[in-house]
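Sequences and hints are given; from them, build the entire structure.
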Amino acid sequence: MPTTVQTCETLSERLSAVVLKRPTKLGWFTCLAISFTGVLMLNVAISWLLLRGVGVWGINEPVAWGFAIVNFVWWIGIGHAGTFISAILLLLHQHWRTSINRFTEAMTLFAVACAALFPLLHLGRPWVFYFLLPYPDTMRLWPQWRSPLVWDVFAVSTYFTVSLVYWYIGLVPDLATMRDRATRRWIKVLYGIGALGWRGSAKHWARYEMAYLLLAGLATPLVLSVHSVVSLDFAVAVLPGWHSTIFPPYFVAGAIFSGFAMVLTLLIPFRKIYKLEDVISERHLDLASKVMLATGLMVALGYASEHWMAWYSDEPNEEFLALNRMLGPYWPVWWTTMTCNILVPQLLWWRRIRTSPLPLFIISLLVNVGMWAERYMIVVVSLHRDFLPSSWGKFHGTVWDWATFGGTIGLFFTLMFLFVRLLPMIPIAELRKQTVEEGKEV
Amino acid sequence: MPQLFQRYTNTLAPASIVAVFIALSAAVWGMHAIIFSPYATEVGQPVSQVVPFSHQHHVSGLGIDCRYCHTGVETSAFAGLPATETCMTCHSQIWRDAPMLEPVRQSWATGQPLHWNRVHNLPDYVYFDHSIHIQKGVGCISCHGHVDRMPLMAKSETLYMRWCLDCHKAPEVHLRPANEVFVMKETVPDEKRGAALLRAEEIDKTHLQDCSVCHR
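Chains A and B supply the protein sequences, listed in that same order. Mapping of the first sequence onto this note's numbering: position 413 corresponds to residue 413, and the numbering continues sequentially without gaps. Mapping of the second sequence onto this note's numbering: position 58 corresponds to residue 58, and the numbering continues sequentially without gaps.
Since the hints were made in silico from the structure, they are not lab data. One or more hints might be untrue.
[Claimed, not checked] According to the in silico footprint, chain B covers these stretches of chain A (three or more CB under 8 Å from chain B):
{"no.": "1", "stretch": "137-151"}
{"no.": "2", "stretch": "191-204"}
[To be verified] Which chain A residues face chain B? A few, computed with CB under 10 Å, are given here:
{"no.": "3", "residue": "179"}
{"no.": "4", "residue": "185"}
{"no.": "5", "residue": "188"}
Cβ coordinates follow ideal geometry from the N, Cα and C atoms, glycine included.
Shown next as structure tokens:
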């Protein structure tokens with residue numbers, strides 16, 4: 001734990017001061033302004049899309065799933081680290097998660113929000129999205145339950161709901177701390193409403209702990225199920241490069257891998273700016289890197305088995321796909337994927353790299369790029385050449401593709417900056433508890 | 001430190017949860033009520049026409065067969081609307097000076113057809129063919145209701161897809177022998193007769209609900 005001696009009082013004071021007392025600096029405004037420009041760009045891109053249709057995205061036969069699905073899978077994968085850290089690590093009694101779980105849960109929520117935009121917009125007529133839900137309609141139509149796209153709707157909406165509730169329940173005691181420490185009345189009232197009348201009585205705590213544990217139990221299977229369902233969008237189809245039984249575990253590992261990369265990408269600058277190096281210590285970076293290394297190796301195994309199956313199956317289309325990925329028109333995508341997701345993470349075997357922020361930051365950025373390239377490889381490269389050479393084609397993202405993608409990054413960071421400014425990004429109550437418990441042990 | 005919130009907030013908080021549920025249920029119920037109301041479906045709402053033609057008078061009063069005017073119903077997709085000449089077969093002899101029939105005489109004189117307003121209008125993406133329904137024994141009344149009791153023509157069914165599919169799922173309930181198709185009497189569901197008609201007309205129910213049956 002922290003190097004300086006922390007008590008409950010100093011912790012509450014320090015962590016709430018980040019929001020309540022720290023003056024809003026020009027740097028924060030600049031960052032928010034830049035991110036918000038992205039949101040405006042997203043607005044323009046979506047408006048154009050709604051006016052002109054999904055054709056502005058450069059998608060057509062044979063590549064009808066372009067950036068939208070690449071970005072969807074990428075964002076939702078990033079979301080997985082939050083749930084993994086907050087739910088699975090809680091159940092496994094990994095106390096180090098406490099310092100970063102709030103932050104990563106927020107990241108999950110915002111990433112899932114960005115992810116959900118893409119399939120909605122990809123519908124072409126997003127205003128009739130409710131056709132995907134089972135409801136008493138005038139058509140007596142029911143969703144096609146055999147389609148993984150319908151499973152997706154349920155998987156993602158459940159995931160978002162559970163993540164939101166889990167995040168909020170965890171926030172309640174901290175909102176009460178904020179309420180008690182704020183000085184201005186209207187701020188007190190706002191935090192007070194959020195705190196739902198929390199007084200910190202033993203009864204409150206007992207119920208809170210039970211609810212939190214139950215929700216962790218609920219969220220845990222979701223870490224595995226959501227990306228498994230996303231992977232089935234592909235695996236259920238017969239296309240070479242999609243039709244593979246390894247997809248669910250391979251996607252889940254990839255999701256946690258990319259999620260931890262994003263966690264590091266965000267945590268490293270934030271802990272420096274807000275001077276939280278003692279709360280989010282080098283130990284946290286070290287452990288997050290280890291998770292990244294482990295899941296990275298699983299992803300590597302996934303790639304290896306895909307290529308091995310291509311050879312072992314002796315199926316000409318599968319063999320062609322493997323070669324086409326390496327040497328076809330999209331060859332840089334495959335090489336980027338392999339470099340960023342397999343080669344670069346091997347640096348994490350060294351403890352010195354695992355604990356030095358700058359190299360770690362660069363590695364995490366590269367992994368983010370690599371994981372995006374991986375999804376591009378799976379979606380676009382598989383689609384562009386399938387069984388019939390007569391239906392081969394090419395796809396390149398248009399300026400609107402990039403604007404939408406960039407726009408969601410802007411949206412993500414806008415939400416992130418607002419979050420760190422308005423809510424305690426480190427769970428105060430949980431750290432207090434930990435300090436007391438660890439104090440006893442010593 | 002004074003309390004931030006008054007005592008009543010203790011009631012307000014749980015009440016708001018209940019209120020959200022009530023509001024959501026009310027919204028869903030309201031939507032449903034509107035969508036199935038005559039306001040949205042136009043069921044039972046007479047459509048204004050240049051001549052207030054009464055099916056009641058011509059069908060039950062005079063006993064004219066449907067096919068006398070809707071000539072295409074047995075052989076084509078569109079049942080057809082009568083030419084002005086069809087009206088004039090009688091109205092050149094009777095009610096010759098009725099002011100109500102002035103547009104008909106005008107049309108006859110100028111050769112400009114009468115402009116009737118559609119009552120049953122399916123969307124363009126629906127492929128619908130009258131002839132197959134008539135040939136297989138779906139009575140006029142099954143879809144158009146008691147036309148013989150309508151002084152002014154109005155829809156008697158919603159024409160929602162749900163309604164189409166209800167019959168495509170269990171057509172035997174609405175089938176009748178060929179000689180009863182144009183009779184203005186409700187079908188009395190009869191399991192045995194329905195099954196026999198299905199067999200006789202060689203109707204294969206397994207594909208009646210396929211998308212491509214109606215959306216081609």
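Here is how each hint holds up against the structure:
For the stretch 137-151 of chain A, the stated coverage by chain B holds: 5 residues have a C-beta nearer than 8 Å to a C-beta of that chain, and at least 3 were required. With a cut-off of 8 Å between beta carbons, the stretch 191-204 of chain A has 3 residues touching chain B; three or more are needed, and the interface restraint holds. Restraint check, residue 179 of chain A versus chain B: the minimum CB separation of about 7 Å is within 10 Å; hint holds. The interface hint given for residue 185 of chain A holds, since its Cβ lies 8 Å from the closest Cβ of chain B, which is under the 10 Å cut-off.
Annotation: residue 188 of chain A was flagged as interfacial toward chain B, and the flag holds, the nearest CB pair being 6 Å apart, inside 10 Å.
Checked against the numbered hints given earlier, the structure satisfies every one of them.
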